[in-house]
Amino acid sequence: MTYSLHLLAIAATLGGTRSAASPPVRRDAEEALAPAWTALVQLVRDFAAAAASPAASFALEQQLRDRLRELGRVGLEWAYNHIEPEGVDALPSHVVFEAAPYTRLGRKTPQVVATLFGKVSLWRTGYRPTQRTGDPTLFPRAHQLGIVAGATPAVAERAAYDQSEAGATQRRTLRRLRDDHGLTWGVKTLRGVVERVAAGMAAGRHDEQVANVLELLEQAWVGTGPHKPVLSVGRDGISFGRPVRGGTVFEVATAVTVTVMNRRGRRLGTVYLAHTPESKQGTMSRNLTRLVTAVLQAWERPRPRLCYVTDAGDNEAAYDATVLRPMRHPRTGDRLAWVRVVDYYHASERLWAMAGALFGPGRQAQTWVRRMQTLLKRPNGIRRVLNSVSVHRSRQTRKGKRRTVFDKAYNYLLRKRTPFLRSAAYRRVGIPCGRGVTEAACKTIVTQRLKLSGMRWTKGGAQTILDLRVLNLSGVWAEAYQRLLGGVQSVHVPTYAAKVPDDLKIAA
1 MTYSLHLLAI AATLGGTRSA ASPPVRRDAE EALAPAWTAL VQLVRDFAAA AASPAASFAL
61 EQQLRDRLRE LGRVGLEWAY NHIEPEGVDA LPSHVVFEAA PYTRLGRKTP QVVATLFGKV
121 SLWRTGYRPT QRTGDPTLFP RAHQLGIVAG ATPAVAERAA YDQSEAGATQ RRTLRRLRDD
181 HGLTWGVKTL RGVVERVAAG MAAGRHDEQV ANVLELLEQA WVGTGPHKPV LSVGRDGISF
241 GRPVRGGTVF EVATAVTVTV MNRRGRRLGT VYLAHTPESK QGTMSRNLTR LVTAVLQAWE
301 RPRPRLCYVT DAGDNEAAYD ATVLRPMRHP RTGDRLAWVR VVDYYHASER LWAMAGALFG
361 PGRQAQTWVR RMQTLLKRPN GIRRVLNSVS VHRSRQTRKG KRRTVFDKAY NYLLRKRTPF
421 LRSAAYRRVG IPCGRGVTEA ACKTIVTQRL KLSGMRWTKG GAQTILDLRV LNLSGVWAEA
481 YQRLLGGVQS VHVPTYAAKV PDDLKIAA
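Per the UniProt record's numbering, residue 1 is the first one in the sequence shown, and the count goes up by one each step.
What the hints contain is simulated information worked out from the structure, not anything from laboratory work.
A couple of the hints might just be wrong.
Each computed EDC-like pair below joins lysine to aspartate or glutamate, with the alpha-carbon atoms no more than 20 angstroms apart [unchecked claim]:
1. K451 x E439
2. K443 x E251
3. K280 x E251
4. K188 x E215
5. K108 x E86
6. K119 x D179
7. K451 x D89
8. K443 x E165
9. K280 x D334
10. K401 x D334
11. K228 x D66
12. K119 x D180
13. K408 x E349
14. K108 x D135
15. K228 x D207
16. K451 x E215
17. K119 x D66
18. K459 x E195
19. K451 x D179
20. K280 x E215
21. K377 x E349
22. K108 x D89
23. K443 x D28
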């Protein structure tokens, strides 16, 4: 018999500890679980019969946890080893993968698999390449279980999620796996599992984030308030130091937020993107454009107000000029009216710089800045601020560093930014004036995970963590992981429970 197998992760089960021993004699499930269950029952009986104390209560909970874990481990091992016939002769003798024939091996081989309950031994039938040498052996049933790099889907998800959390380290994750699941992994194993999970989940991130934004827009649309719903895009950079001979070179990673504001100008939710340093940030720009375009394509109600809130860096400004300004609606072809907003708080930093150059340290500078910040929020505020600056500049002589600082801050506000500093107009229609969400994203996505004391990263390793981090913070982790598990291919192989062929699923 020959069947066609379409598997995506051929080597997912390689690397497990092997043994020359034969598979254990099969027993009934109740018989297999009886020793662990009996030990658990005896434990609670002994506690009930003894004198109660805080120490005894503490010990009971600890021992119950261990007994329950052992019960789960035995049950899982029994279930895993009963999805194939006991004899290999009951399976097809040949299969075909990618037009190449594979021949069934004469005996089953074991693999030690990590689970939430500890390690179990999985005995599975392999198929070796018939004509080619050097290709990995196929293990169809292990793929069917979704085993990745020697880990079950549940424990792989647990390890990846722990690595996605703020403040996580490899040491902390390995300690949790040891204490909570009885797994003594090394760093190499942890990295292999996390990389596989991150790559699989990242493939489904786009669709889940689009669905999340559409759900937020629907909530905003049916709500009440004086404004139209707002789809706000923010973008910012985060510096990374890269050691080189003779010093340090700083590169800029990117964080993006796509936020939905309701009719009362309040944030309903945000999805995030992040990317490691890259020249001109092309990958980030493509991912962001794809996300925004997909949302507009799927949104069938009247379009929300669109705004782009940034500081005014070169990459941020270039994206506005080359992508957002000429952007057209993907369905109607109409030109989209993106409102460009230069962050109010970033502009305020320039006010402080000018105040220091004009007045020096002291109360006069503080008083002037507070008054200018108030003016900046009022109609035609930026013009009134610049008029005040011009008056004070004409009265004072600045030299050297003070003049350089003043000119840089003044030119920032005057040149090409004035049209984007209309805070009063923005607030009147529910558009955010600041990029606080994006600033916070830089800290929560990047700083709190990648810039902890002593950490050093390759770009590939950092991107793996960023991919997991944005899924976590975007609120689509569970959906993205289910999409990964659902990315299966049908295979025509007889099952152990039935004599006739049926369609099984093998995890991609």
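Status of the hints after comparison with the structure:
Taken as a hint, the K451 and E439 pair is honoured in the structure, with Cα atoms around 15 angstroms apart against an allowance of 20 angstroms. Restraint check: the Cα-Cα separation between K443 and E251 comes to about 16 angstroms, which is no more than 20 angstroms; the hinted pair holds. At roughly 11 angstroms between alpha-carbon atoms, K280 and E251 fall within 20 angstroms of each other, so this suggested pair holds. For the hint pairing K188 with E215, the CA-to-CA distance comes to about 39 angstroms; that exceeds 20 angstroms, so the pair is violated.
The hinted pair formed by K108 and E86 meets the criterion: a straight-line CA distance of about 9 angstroms does not exceed 20 angstroms. A distance of roughly 13 angstroms separates the Cα atoms of K119 and D179; the hinted pair therefore holds under the 20 angstroms criterion. With a CA separation close to 55 angstroms, the supplied pair K451 and D89 exceeds the 20 angstroms bound. A threshold of 20 angstroms between alpha carbons decides the hint, and for K443 with E165 the separation of about 13 angstroms falls inside it, so the pair holds.
As the CA atoms of K280 and D334 are separated by approximately 28 angstroms, the hinted pair breaks the 20 angstroms bound. Among the hinted pairs, K401 with D334 is inconsistent with the structure: their alpha-carbon atoms are about 49 angstroms apart, more than 20 angstroms. Among the hinted pairs, K228 with D66 is inconsistent with the structure: their alpha-carbon atoms are about 55 angstroms apart, more than 20 angstroms. Among the hinted pairs, K119 with D180 is consistent with the structure: their alpha-carbon atoms are about 12 angstroms apart, no more than 20 angstroms.
Restraint check: the Cα-Cα separation between K408 and E349 comes to about 12 angstroms, which is no more than 20 angstroms; the hinted pair holds. Straight-line distance between C-alpha atoms of K108 and D135 comes to about 18 angstroms, which keeps the hinted pair within the 20 angstroms bound. Of the pairs offered as hints, the one joining K228 and D207 is violated, with about 25 angstroms between alpha carbons and a cut-off of 20 angstroms exceeded. Between the alpha carbons of K451 and E215 the distance comes to roughly 33 angstroms, so the proposed pair goes past 20 angstroms and is violated.
In summary, the hint linking K119 to D66 is supported, as the alpha carbons are separated by about 14 angstroms, within the 20 angstroms threshold. A hinted pair counts as satisfied when its Cα atoms are at most 20 angstroms apart, and K459 with E195 qualifies at roughly 13 angstroms. At most 20 angstroms may separate the alpha-carbon atoms for a hinted pair to count; K451 and D179 exceed this at roughly 26 angstroms. For the hint pairing K280 with E215, the CA-to-CA distance comes to about 32 angstroms; that exceeds 20 angstroms, so the pair is violated.
Of the supplied pair hints, the one linking K377 and E349 holds, its CA atoms being roughly 15 angstroms apart against a limit of 20 angstroms. Distance restraint check for K108 and D89: the Cα-Cα separation of roughly 11 angstroms lies within the 20 angstroms cut-off, and the hinted pair is therefore satisfied. Between the alpha carbons of K443 and D28 the distance comes to roughly 54 angstroms, so the proposed pair goes past 20 angstroms and is violated.
In terms of the numbered hints stated before, the structure departs from hints 4, 7, 9, 10, 11, 15, 16, 19, 20 and 23, listed from lowest to highest.
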